[in-house]
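S.K.: Sequence lines, in order, name chains A and C. Just so we're aligned, residue 1 is where the first sequence starts under this note's numbering, counting upward by one. Just so we're aligned, residue 275 is where the second sequence starts under this note's numbering, counting upward by one.
These aren't lab readings, by the way, just hints derived from the structure by calculation. Note that this is a predicted model, so its numbers are computed, not measured. Just so you know, not all the hints are guaranteed correct.
Simulated DEER-style distance windows between Cβ atoms [stated by the list, open to error]:
no. : chain 1 : residue 1 : chain 2 : residue 2 : range
1   : C       : P508      : A       : Q164      : 21 to 31 angstroms
2   : C       : T304      : A       : Q164      : 22 to 32 angstroms
3   : A       : G72       : C       : G389      : 26 to 36 angstroms
4   : C       : G421      : A       : A69       : 55 to 65 angstroms
Non-contacting residues of chain C with respect to chain A, defined by C-beta distances greater than 12 angstroms in every case (computed) [claimed, not checked]:
no. : residue
5   : R287
6   : I308
7   : D309
8   : E361
9   : R362
10  : Q367
11  : E368
12  : N435
13  : R463
14  : D487
15  : V528
16  : V536
All C-beta atoms in this analysis are idealised placements derived from N, C-alpha and C, irrespective of residue type, glycine included.
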Amino acid sequence: MSTVTDLVQWGLRGAPLPRRRALALRLGAVLAFLGLWSLASGLVVLLGLFNPIFLAGPWRVLGKVAALAVNGQLWGHVAATLERVAVGFATGAALALGLGLPAGHFRLVRNLLEPIVEILRPVPPLAMLPLFIVWVGIGETSKIAFITYATFFPMFLTTVHAVQHVDPLLLRAATSLGARRARLFFRVVLPAALPEILIGIRLGVALSFFVIVISEFIGAEEGLGYLINDGRNFFLVEQMLGAAIVLGFLGYGGNGLVVLLERRWLRWERPPTS
Amino acid sequence: MTMAGPGGAGGARVQIEGVHKAFGLDGRSTPALIDVSLEVQAAELLCLLGPSGCGKSTLLNIVAGFIPPTRGRVRVDGAPIAGPGPERGVVFQEYALFPWLTVAQNVEFGPRLMGVPAARRREVVARYLDMVGLSEHATKFPVQLSGGMKQRVAIARALANNPSIVLMDEPFGALDAQTREVMQEELSRIQRVEHKTIVFVTHSIREAVYLADRIVVMTSSPGRVKDVFTIKLPEARDRFAAEFTRYESEITRVVKEEVAKVRE
């Protein structure tokens, strides 16, 4: 039977399955996906639908990734992409928190920043990429600035919303216990807003992997985006798919890091049952 | 700042003088409270009783300093209040515990802000958790507690800050009937030790008669003071005593007049 509290606690997916079954299901899903992919690429060859070079089978793609890893080329690209993502995202997060926390807390700051953000926000970040290149050149800075720009908005907006919508009852309770100003902010507003702020951070991490590829299409000599674009130029479909899969895993890992932070900082939301 | 030991700072006197409150825009504001004047004696437990929407919670919020009165003023031991302050502890119907803090950390919140040294804080937390019977649950988080337990933590948190006044806004309103009676008994027992000045908002007549030294019955909206009853019953009260029932029916009659007015 599902109750409202179950829904609140577990979401629409319901209570978690026992661990081993969940793991088996996940593995099964991955294997099924690989199976379908093999089947599709096999049918292309068998039925002569189109040139099989366009849809390489999973084993060839994974083989290509393994080959790049063994000869060492892969790591340079991964490192280049990760460095851009790390610096770009960190700068975006620092700006989003640095401006979003005061904007959520102080109406004056909010009224100053919100109109600017609301006008810039609907402009697709992609539209700004050529501008960044014109401004700061085609090198690392424009790529990093692009990630910073794209990730800033969702993180800024969730931070403002989180701080602004802290339960007023908690604020009343805190002020009646003697909390004011800085201590009210750091001991009540910030921890109360943290869950939603972390949701914004997760969005930011996902988005930075999203946009890094685009900036690496243009004027990059390294990086997974470069690897994909290079693959396109030379019809190396295996390399394109391989780089995309590696990107997927990196994004998955980045999300995992935020989940770890959430487990650590938001332990109170689901404490272990004693 | 007095950080008195067990026994607390005792109660302070609260004077509510000609308080009016109107909500809404100036042109078309609705009055919520009209000319409320009351004096709560030190260490007295005063119940504000009245039908829903009579403004009793509004009055409590004004005394807490959460909202300003439109006219009139509130003084604590002679000094006019300006905003909320740690000498007026508040217990809310919705508990308002800090969910990211453990039970012990919630209780410790006020003393920490006041700069009470760690060793003394531990004593205070232990004392008040013991008083509300939650010593076993000190390291739990609020999500792990039942409603009754949460309200015990909220009461311990308010008392640990050593306020001279405790304002309680229908604190047991969200609890089931059995838990509610147990909590009333606990509060009455705690008050016999702590001697705080308590303003307790409720719409339960039985609850008011069980707890109060005095009961202020308010009129239905807009709220005025309709009647004041002094309850002359022993400290440990028996809900089935003839005297108790007499107070109950007398006050019920007065409250019913107000409820009937709302229906008209």
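S.K.: Confirm or reject each hint.
M.R.: Each hint, compared with the structure:
Checked against the given bound of 21 to 31 angstroms, the beta carbons of P508 (chain C) and Q164 (chain A), roughly 51 angstroms apart, lie outside it. At roughly 27 angstroms, the beta carbons of T304 (chain C) and Q164 (chain A) sit within the given window of 22 to 32 angstroms. Checked against the hint of 26 to 36 angstroms, the pair G72 (chain A) and G389 (chain C) fails, with Cβ atoms roughly 59 angstroms apart. For G421 (chain C) and A69 (chain A), the Cβ-Cβ distance of about 56 angstroms falls inside the hinted range of 55 to 65 angstroms, so the restraint holds.
At the 12 angstroms boundary, the C-beta of R287 (chain C) stays outside the reach of chain A, the nearest C-beta of that chain being 19 angstroms off. A cut-off of 12 angstroms between C-beta atoms confirms that I308 (chain C) is not in contact with chain A; the least separation is 25 angstroms. The Cβ of D309 (chain C) sits about 26 angstroms from the closest Cβ of chain A, beyond the 12 angstroms cut-off, so the non-interface label holds. The claim that E361 (chain C) lies off the interface is violated: its Cβ sits roughly 9 angstroms from the closest Cβ of chain A, which falls inside the 12 angstroms cut-off.
Residue-level check failed: R362 (chain C) sits 6 angstroms from the nearest beta carbon of chain A, not beyond 12 angstroms. Against chain A, the non-interface label of Q367 (chain C) is violated: not every CB pair exceeds 12 angstroms, the least being about 10 angstroms. The claim that E368 (chain C) lies off the interface is violated: its Cβ sits roughly 6 angstroms from the closest Cβ of chain A, which falls inside the 12 angstroms cut-off. Not every CB of chain A is more than 12 angstroms from the CB of N435 (chain C) (nearest about 5 angstroms), against its label as outside the interface.
No Cβ of chain A approaches the Cβ of R463 (chain C) within 12 angstroms, the least distance being about 23 angstroms, so the stated non-interface status holds. With a minimum CB-CB distance of about 23 angstroms to chain A, D487 (chain C) clears the 12 angstroms threshold, and the non-interface call stands. Distance check for V528 (chain C) against chain A: the nearest CB is about 31 angstroms away, which clears 12 angstroms, and the non-interface claim stands. Against chain A, the non-interface label of V536 (chain C) holds: every CB pair exceeds 12 angstroms, the least being about 27 angstroms.
Comparing the model with each earlier hint shows violations of hints 1, 3, 8, 9, 10, 11, 12; every other hint is respected.
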